[in-house]
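A.B. asks: So the protein sequences, as listed, match chains X and D.
For the first sequence, numbering that gives the first Met the number 0 begins at 0 and goes up steadily by one.
For the second sequence, numbering that gives the first Met the number 0 begins at 0 and goes up steadily by one.
These are calculated hints, taken from the structure and not from any lab test.
All values derive from a computational prediction rather than experimental measurement.
Ideal Cβ positions, reconstructed from N, Cα and C, are used throughout, including at glycine.
Among the hints, erroneous ones may be present.
[What the hints assert, rightly or not] Chain X is faced by these chain D residues, among others (derived, beta-carbon under 7 Å):
(1) W22
(2) I26
(3) S39
(4) R40
(5) T60
(6) F76
(7) I78
(8) G128
(9) E131
(10) A133
(11) L134
(12) L142
(13) Y144
(14) D150
[As the list claims (entries may be wrong)] Now the stretches of chain X that chain D is said to cover, found in silico as 3 or more residues with beta-carbon under 8 Å:
(15) 30 to 43
(16) 71 to 77
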Amino acid sequence: MKSPFTDAELEAYLDEALPAEAMSAIESALRQTPELARRLTAINARRDADLHSLGEIWRRHRLTCPTRAELGSYLLGVLPDQHAAYVAFHLEEIGCRYCQANRADLEERQTETSEAGKQRRRKYFESSAGYLRRE
Amino acid sequence: MSSTSESDGLLISRIRGGEDDAWQELIDRFEGRLLAFVESRLRHRAASEDVVQETFIAFLTSLPNFDTTRPLESYLFSIAAHKLTDHLRREGRRPALPLAGAGSSQGDWDLPGPQRPASSIARSGERRGLEETALVHAAAQLLAYWRNRGDWEKIQCAELLFVRGIANKDAAAKLGVSEQTIANHKFDFLAKLRAAVRQQGLSEDVFPELHDCG
Numbered sequence: 000m001k002s003p004f005t006d007a008e009l010e011a012y013l014d015e016a017l018p019a020e021a022m023s024a025i026e027s028a029l030r031q032t033p034e035l036a037r038r039l040t041a042i043n044a045r046r047d048a049d050l051h052s053l054g055e056i057w058r059r060h061r062l063t064c065p066t067r068a069e070l071g072s073y074l075l076g077v078l079p080d081q082h083a084a085y086v087a088f089h090l091e092e093i094g095c096r097y098c099q100a101n102r103a104d105l106e107e108r109q110t111e112t113s114e115a116g117k118q119r120r121r122k123y124f125e126s127s128a129g130y131l132r133r134e
Numbered sequence: 000m001s002s003t004s005e006s007d008g009l010l011i012s013r014i015r016g017g018e019d020d021a022w023q024e025l026i027d028r029f030e031g032r033l034l035a036f037v038e039s040r041l042r043h044r045a046a047s048e049d050v051v052q053e054t055f056i057a058f059l060t061s062l063p064n065f066d067t068t069r070p071l072e073s074y075l076f077s078i079a080a081h082k083l084t085d086h087l088r089r090e091g092r093r094p095a096l097p098l099a100g101a102g103s104s105q106g107d108w109d110l111p112g113p114q115r116p117a118s119s120i121a122r123s124g125e126r127r128g129l130e131e132t133a134l135v136h137a138a139a140q141l142l143a144y145w146r147n148r149g150d151w152e153k154i155q156c157a158e159l160l161f162v163r164g165i166a167n168k169d170a171a172a173k174l175g176v177s178e179q180t181i182a183n184h185k186f187d188f189l190a191k192l193r194a195a196v197r198q199q200g201l202s203e204d205v206f207p208e209l210h211d212c213g
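In isolation and in its complexed conformation, chain X is listed as follows (with noise of 0.2 Å):
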């Protein structure tokens, strides 16, 4: 049987960067069939011997990403038509993690209470802040 996973997809996976449903389907397929297996090692081989792959750089450049002020413009609905229904691609046919995770940023922005967010924000500097290297 084919197998429903792409190449190009398992190379997404290797890096976290396939929707978060495609990730545990994977997962769970990677329990079952021994055949997956094989072939990301062989994708990590592939790496290891310095070969190239186009969906691979396609995707640490963000070659076709909006920017977040296109995702802004797209979620306010002020995009022209085709332009829109390309983002709605990119988001959710490719299933861009990067920029799935920048729309849930925005919409949460737009709800969230500010001092949930504060409070948040704060911890995370109040527990970094001592790797600050001060020159």
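Chain X is already provided as a structure; the job is to place chain D on it using the hints.
C.D. replies: Same frame as chain X, now just chain D:
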């Protein structure tokens, strides 16, 4: 997304100078998207916040080595992805993979047909970087050209074929166009990338997909 923006670059300089305000500003700017990235996988707020916290600490400890030609957001996402992967492994959710080449003296990665085996084209990291830069430059130029012309279908086609890796016929079905149209877009795109790689005097052998005109 090609490099650190001017404002991010300035922020990094201030953080390198040890400015608390700058560090708080970076956290304020990026924590929401990092939390959303992690939480989409963990579905658990407290554990996700811990992973984001580890991400920020790892960012500060790696800051002396941060290459400002890299976009800051992508760098933070890559650290978060590593921290998330570690967390999932500890939880037993992410299965370990066998080592490459285990059980085989040759491995499974040599190129088919007339192309040289990968093992014979080992080269320096610097050269590998040049190859990647040449490819990114050529692809970005072509994508920008399509974007400016409103050729969204060509961009969608390229993403389906190379980012999702689906077959021509499946891309044709998703976009509602003929397989021939998809094949034409693919041929144009790969021809331009091959030309860019050749122009730089680089080997096409290290980009196996550039020869895939099916």
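A.B. asks: Hint by hint, where does the structure go against what was stated? Just the numbers, ascending.
C.D. replies: Failing hints, ascending: 7, 8, 10, 13, 14, 16.
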